[in-house]
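*Asks:* Note that the protein sequences, when read in sequence, are chains S and H. Our numbering puts the first residue of the first sequence at -19, with every later residue one more than the last. Our numbering puts the first residue of the second sequence at 128, with every later residue one more than the last.
Read the hints as simulated data drawn from the structure, not as lab findings. Just so you know, not all the hints are guaranteed correct.
[Stated by the list, open to error] So the derived label-pair ranges between C-beta atoms look like this:
no., chain 1, residue 1, chain 2, residue 2, range
1, S, Ser16, H, Thr299, 29 to 35 Å
2, H, Asp176, S, Lys54, 46 to 52 Å
3, S, Val100, H, Thr175, 45 to 51 Å
4, S, Arg142, H, Asp176, 22 to 28 Å
5, H, Asp165, S, Pro123, 26 to 32 Å
6, H, Glu143, S, Gly128, 28 to 34 Å
7, S, Ser166, H, Ala353, 48 to 54 Å
8, H, Thr318, S, Arg142, 20 to 26 Å
9, S, Pro123, H, Arg264, 47 to 53 Å
10, H, Lys172, S, Arg244, 54 to 60 Å
11, H, Phe199, S, Lys54, 51 to 57 Å
12, S, Arg244, H, Thr299, 34 to 40 Å
13, H, Pro268, S, Ala167, 19 to 25 Å
Positions of the beta carbon are idealized from the N, C-alpha and C atoms, including for glycine.
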Amino acid sequence: MTARMDRKFADVASEGRPVLVTYFMGGDPDFETSVSIMKALPKAGADVIELGMPFSDPMADGPAIQLAGQRSLKAGQTLAKTIEIARRFREEDQRTPIVLMGYYNPIYIYGVDRFLTDAVDAGIDGLIVVDLPPEMDDELCIPALQKGISFIRLATPTTDDRRLPKVLENTSGFVYYVSMNGITGSALPDPSLIAGAVERIKTHTKLPVCVGFGVKTAEHARAIGASADGVVVGTAIVNQIASSLTEEGKATDATVPGVEALVRGLSAGVRSARLAAAE
Amino acid sequence: MNEAPKLNSFRAGPDEDGRFGIFGGRFVAETLMPLILDLQAEWDKAKTDPAFKAELDNLGAHYIGRPSPLYFAERLTEELGGAKIYFKREELNHTGSHKINNCIGQILLAKRMGKTRIIAETGAGQHGVASATVAARFGLPCVVYMGATDVERQAPNVFRMKLLGAEVKPVTAGNGTLKDAMNEALRDWVTNVDNTYYLIGTAAGPHPYPEMVRDFQAVIGQEAKAQMLEAEGRLPDLVVAAVGGGSNAIGIFHSFLDDEGVKIVGVEAGGKGLDGDEHCASITAGSPGVLHGNRTYLLQDGDGQIKEGHSISAGLDYPGIGPEHSWLNDVGRVEYVPIMDHEALEAFQMLTRLEGIIPALEPSHALAEVIKRAPNMGKDEIILMNLSGRGDKDIFTVGKILGMGL
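All chains, please: the whole structure from these sequences, using the hints.
*Replies:* Structure (structure tokens):
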């Protein structure tokens, strides 16, 4: 499974540009629309997909992703259905890595072994579980690595040089650098600070470093992509979906095309990142 | 997995990873990990520092009013016709509940760590008031997150916090109760890691909070034990306390955990009954899961989504419980039972009329269990109950339910 992730990062690197990682919430606004959104993402230029697993108490997320999770749960989403979204996507697309992102409790209740078996079976490549720091690696990280699923860790501005080795120890796939201390959807900090942080992490690891939290526009994607191996966009996509819905939170004809248009723009941003940096 | 600890002690936990059996731990975002490790290092230093203990004891005696009295409830005992009932009167503390014990301890730690801003979550408002109080006493700005529902039903405490100079931020997410306030406090903390100390009010959350809060509250049981020995020359037969997150309960239980003859009962909020979702009986009707930094018993659905719960008492309106309680339940040392809203309400009125003490709705749950058990116990037996807070804040809620105009 990790092979698909490694291949993708290598392929994109050979194109001389950063990877575009796109996040959306599984089941938002409903299961079928989610499947359509996911299928549309690579066609619009996404290289890696983070598929959000909704949780009732998303403590590290800002209002946009909180609301997306609520819409999803209200529409009847479960962890089993989120894995099913990935499975449906995999029927058509064998090359785009899928990373499940969320919180631990739904996985714990589903059962770690059963979850990992089903995730492998559905063609899932990696996991980001926000509330499992390295101190809790025995819970899910180690079992996931044993099954060949990458465990992608978040590094933050509070992760200093003393702590980085611990954070990176069992990390695989890529390192997700959270650009600021805070919740998802906040404002983007100064790109030069981020570039410095990426350099710092790269002295500790050979893994690609992707940067997220606060990347909303093609311009951001270009600026961040000049130094990082990848750019993660989440809240902007979730907001795009939200803005396309009816008052009752139902999907419209504009929902999937709206995401496509946004991601196409972001994709153009990352594709010009190194050109801009070289100028 | 949940074997009783070696050395035949129930008081040895947590282990160095913050575990009580399978419960506890450190389930937090990476941004918070360095802070939690810093806090643990500071706490490890402070708890063996005589100067820290001296300052804590001094403020305990002169600011909080410790020791709180042990009171023999003579008329209630007579009325129930069974065991002798004693109250540990934490409601007489400064700010009106046990919450201040923990707040004083933690703000001293915050000062040691050089933090300049305090945040807290609150349900009933007792912890919010205690936090705002110590923040005022030590000259630090304080932001209190409080569910919008609780802001409404605990209006007097909201006003008190504002008078004390705290900023009260209503949280509208979810049902607008304690769980949602805690989520929002964690979001604030993760955003303001550099200068902010998160003053958690109950014996839950990531390690070292459950241990630290317990140790600050353990003074309740230490005093009660000595006072009981002085009053009766022996230990009580039964110790009872209400459990939301469980800080007042672990505070009074901890000293008695290794005393074999002492039966210990924690009382959960049974709300409108355990059949539906309108209760907060995490242990009696929940299952183990991971929320707010620890593994513990939670109210949740089959997909691991956390339920909202309900209790007449805002302080018990939380779908989880401190991890040490989960462990004490699983090893069989403490029995946890539910009390319904209406039973707590009846107990509230009974104590008010018989003893001239208006209890908070939280200890009214413990009292309702005492009222059930005392008549079936011998007159030579002794019950010790933690009267953890006073009921002034609840008179509007109770008045509304009883149809009395205020």
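*Asks:* Each hint should be assessed against the structure and marked as holding or not.
*Replies:* Here's how the hints hold up against the structure:
For serine 16 of chain S and threonine 299 of chain H, the Cβ-Cβ distance of about 32 Å falls inside the hinted range of 29 to 35 Å, so the restraint holds. Our hint of 46 to 52 Å for aspartate 176 of chain H and lysine 54 of chain S holds, since their Cβ atoms are close to 51 Å apart. As the Cβ distance of valine 100 of chain S to threonine 175 of chain H is approximately 48 Å, the hint placing it in 45 to 51 Å holds. The beta-carbon spacing between arginine 142 of chain S and aspartate 176 of chain H, approximately 24 Å, falls within the hinted interval of 22 to 28 Å.
Taken as a hint, the range 26 to 32 Å holds for the pair aspartate 165 of chain H and proline 123 of chain S, whose Cβ atoms sit roughly 30 Å apart. For the pair glutamate 143 of chain H and glycine 128 of chain S, the supplied restraint of 28 to 34 Å holds, since their beta-carbon distance comes to about 31 Å. At about 51 Å, the CB distance of serine 166 of chain S to alanine 353 of chain H agrees with the hint of 48 to 54 Å. The hinted window of 20 to 26 Å between threonine 318 of chain H and arginine 142 of chain S holds, with their beta carbons roughly 22 Å apart.
Checked against the hint of 47 to 53 Å, the pair proline 123 of chain S and arginine 264 of chain H passes, with Cβ atoms roughly 48 Å apart. One distance hint, 54 to 60 Å for the beta-carbon pair lysine 172 of chain H and arginine 244 of chain S, holds here, with the actual separation near 55 Å. Between phenylalanine 199 of chain H and lysine 54 of chain S the CB atoms are about 53 Å apart, so this pair conforms to the stated range of 51 to 57 Å. For the hinted restraint 34 to 40 Å between arginine 244 of chain S and threonine 299 of chain H, the CB-CB distance of approximately 35 Å keeps it satisfied.
In this structure the hint that proline 268 of chain H and alanine 167 of chain S lie 19 to 25 Å apart at CB holds, the actual value being about 23 Å.
Checked against the numbered hints given earlier, the structure satisfies every one of them.
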